[in-house]
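Number of protein chains: 2
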Amino acid sequence: MKKEYTDQLLLDFGEDGTALVPVVTQDARTKEVLILAFANKEAFEETRRSGLATYWSRSRGELWKKGMTSGDTLKIQEIRINCDQNSLIYLVTPQGKGACHAKKNDGSPYSSCYYRAINQDGTLSFIEE
Amino acid sequence: MKKEYTDQLLLDFGEDGTALVPVVTQDARTKEVLILAFANKEAFEETRRSGLATYWSRSRGELWKKGMTSGDTLKIQEIRINCDQNSLIYLVTPQGKGACHAKKNDGSPYSSCYYRAINQDGTLSFIEE
Numbered sequence: 135m136k137k138e139y140t141d142q143l144l145l146d147f148g149e150d151g152t153a154l155v156p157v158v159t160q161d162a163r164t165k166e167v168l169i170l171a172f173a174n175k176e177a178f179e180e181t182r183r184s185g186l187a188t189y190w191s192r193s194r195g196e197l198w199k200k201g202m203t204s205g206d207t208l209k210i211q212e213i214r215i216n217c218d219q220n221s222l223i224y225l226v227t228p229q230g231k232g233a234c235h236a237k238k239n240d241g242s243p244y245s246s247c248y249y250r251a252i253n254q255d256g257t258l259s260f261i262e263e
Numbered sequence: 135m136k137k138e139y140t141d142q143l144l145l146d147f148g149e150d151g152t153a154l155v156p157v158v159t160q161d162a163r164t165k166e167v168l169i170l171a172f173a174n175k176e177a178f179e180e181t182r183r184s185g186l187a188t189y190w191s192r193s194r195g196e197l198w199k200k201g202m203t204s205g206d207t208l209k210i211q212e213i214r215i216n217c218d219q220n221s222l223i224y225l226v227t228p229q230g231k232g233a234c235h236a237k238k239n240d241g242s243p244y245s246s247c248y249y250r251a252i253n254q255d256g257t258l259s260f261i262e263e
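Protein sequences, first through last, are from chains U and B. So the first sequence is numbered by our numbering: it starts at 135 and just counts up by one. So the second sequence is numbered by our numbering: it starts at 135 and just counts up by one.
The hints are simulated quantities; they were obtained by calculation from the structure and are not laboratory data. Check the hints yourself; a few may be wrong.
Note: identical chains are not told apart, hence a pair may lie in one copy or across any two.
[Claimed, not checked] In silico lysine to aspartate or glutamate, EDC-like type, Cα no more than 16 angstroms apart, as pairs: (1) Lys237 x Asp161; (2) Lys137 x Glu180; (3) Lys199 x Glu176; (4) Lys175 x Asp150.
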């Protein structure tokens, strides 16, 4: 059966099993998109095992268990997969103060990485302060 | 000023200007994530110019003006950018019947590409029928 219509998980990590898939992480309650990151097979399996959002850090080249140092972990409520089985949504409940590494003026983290809107003139407006 | 805190658009399409950035497309009203796709500089500029969600099709290697053949265009309400200025959210109002190329049993398109949840046992449940 085609990957769009099957009830079997056929998430594709490439021929050698090392490919990355993009992961949209969304607050399960507010539906706010918090982060976009990537998962390899190890990160996906660790996410399912631990129930905490885990990614593959492309910049550091290592498994990234979100919030392990900051305490801002993201508890998995549900994982969704797209038609082509090449991307994921993690629906999560944030356990800490925010999901972004960037900080507001008061020193607390932004809840979402998408705290700026692009204006018509190409400048950015901060929508969460 | 660092890219996280500036009000200047510094979206990075790489040294030769041909890199792709991932784009989360979200229904502006329901906050449902509809599609994850990619944009190059041309797709991003066409999106801003036309007010309709436009991507770069990696499989076809061409500009992809969503819905030009099906009528299922996605009208842009707002574009957001992340802390690192390397991904986007298109907040849209769908103009057609759905955003996904996959079809439900009744022949209409799924509103979102993420119409399946991954169960604990590794099977998939259809959450939109």
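A quick look at each hint next to the structure:
no. : hint            : result
1   : Lys237 x Asp161 : neither (19 angstroms within a copy, 27 angstroms between copies)
2   : Lys137 x Glu180 : neither (23 angstroms within a copy, 31 angstroms between copies)
3   : Lys199 x Glu176 : within (11 angstroms within a copy, 35 angstroms between copies)
4   : Lys175 x Asp150 : within (11 angstroms within a copy, 31 angstroms between copies)
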